[in-house]
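Enquirer: Sequence:
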Amino acid sequence: MHAECDIFPGTSCGDPRFTGGDGNTFYFHGSKDQDFCIVSDAGLHINAHFIGNHNPALNRDFTWVQALGVTFVAAGGDHHHRLYVGARRAAEWDEDEDHVQVTFDGEPVDVDAARNARWASKVLPGLSVRRTKDVNAVTVELDGAFAISAAAVPVTDEDDRVHRYGKTGRDSLVHLDLGFQFHNLTADVDGVLGQTYRPGYVTKLDISAKMPIMGGAPKYLSEGLFSTDCAVSRFHHRRDAAGAAVVTTYAS
Numbered sequence: 672m673h674a675e676c677d678i679f680p681g682t683s684c685g686d687p688r689f690t691g692g693d694g695n696t697f698y699f700h701g702s703k704d705q706d707f708c709i710v711s712d713a714g715l716h717i718n719a720h721f722i723g724n725h726n727p728a729l730n731r732d733f734t735w736v737q738a739l740g741v742t743f744v745a746a747g748g749d750h751h752h753r754l755y756v757g758a759r760r761a762a763e764w765d766e767d768e769d770h771v772q773v774t775f776d777g778e779p780v781d782v783d784a785a786r787n788a789r790w791a792s793k794v795l796p797g798l799s800v801r802r803t804k805d806v807n808a809v810t811v812e813l814d815g816a817f818a819i820s821a822a823a824v825p826v827t828d829e830d831d832r833v834h835r836y837g838k839t840g841r842d843s844l845v846h847l848d849l850g851f852q853f854h855n856l857t858a859d860v861d862g863v864l865g866q867t868y869r870p871g872y873v874t875k876l877d878i879s880a881k882m883p884i885m886g887g888a889p890k891y892l893s894e895g896l897f898s899t900d901c902a903v904s905r906f907h908h909r910r911d912a913a914g915a916a917v918v919t920t921y922a923s
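Residues 672 to 923, numbered by this note's numbering, are exactly what the sequence shown covers, in order.
Hints were generated in silico from the structure; no laboratory data involved. A portion of the hints provided could be inaccurate.
[To be verified] In silico PhoX-like pairs for lysine-lysine, Cα to Cα no more than 25 Å straight-line:
{"no.": "1", "residue 1": "Lys703", "residue 2": "Lys881"}
{"no.": "2", "residue 1": "Lys703", "residue 2": "Lys890"}
{"no.": "3", "residue 1": "Lys890", "residue 2": "Lys875"}
{"no.": "4", "residue 1": "Lys703", "residue 2": "Lys838"}
{"no.": "5", "residue 1": "Lys804", "residue 2": "Lys793"}
Hey, can you work out the whole structure from these sequences and the hints?
Expert: Here it is in structure tokens:
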């Protein structure tokens, strides 16, 4: 599975541009250095960490998704797990260097740098990470629940020139292009992207606009990458059995 931007439902690409489960494409700007819930369901909660630059002329931030924090409850489980998928920061982009970082319950996931190399969890059967390219592209999958493709990409000089993103020589704004597949969502799912998977969902966006924009950022705002506290949260398992917190730092 790859993040086929603007073609298939369940993608997030660029600055960031989502294609929902209903097939409609829209922008969600959020704000830099903050976390927003993009999918929230009974046993699955996905937050996205946004990076970016402020644009005074537009009175908003240019933003990109730098990392995902996936909190989930495995089938038959009584506590939740935390999965981090992030793009490492780079002053200069090197396509031969791996910029993707994955951790599971706070522990690094190491996958050989070769296409189709695969890691399978010994702790949680059915959880795997597979490289779809030698570097910078992986698919993370939990059988029967979700599959997430993530590709680390920079803001190119050409994109910066055309859109005036304000990229500097100190940061190539490495971010994730993402593709999602979900296998067991409830009818109550919410979040920036999640709500578009509800049965009978009708978009409120002006889909005839050149750049349909989803507003309402405050109701999707989360306190942290693994927080399940956004106003539209549907996640039922707020703490695991031990009540322990798992801390994962952002890639750097």
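Enquirer: Indicate, hint by hint, whether the structure satisfies it.
Expert: Each hint, compared with the structure:
Pair hint Lys703 plus Lys881 holds up; C-alpha atoms about 23 Å apart against a cutoff of 25 Å. Annotation: proposed proximity of Lys703 to Lys890 holds, straight-line Cα distance about 16 Å (limit 25 Å). At roughly 16 Å between alpha-carbon atoms, Lys890 and Lys875 fall within 25 Å of each other, so this suggested pair holds. At roughly 14 Å between alpha-carbon atoms, Lys703 and Lys838 fall within 25 Å of each other, so this suggested pair holds.
Between Lys804 and Lys793 the alpha-carbon distance is near 23 Å, which keeps this suggested pair within the 25 Å criterion.
Checked against the numbered hints given earlier, this structure breaks none of them.
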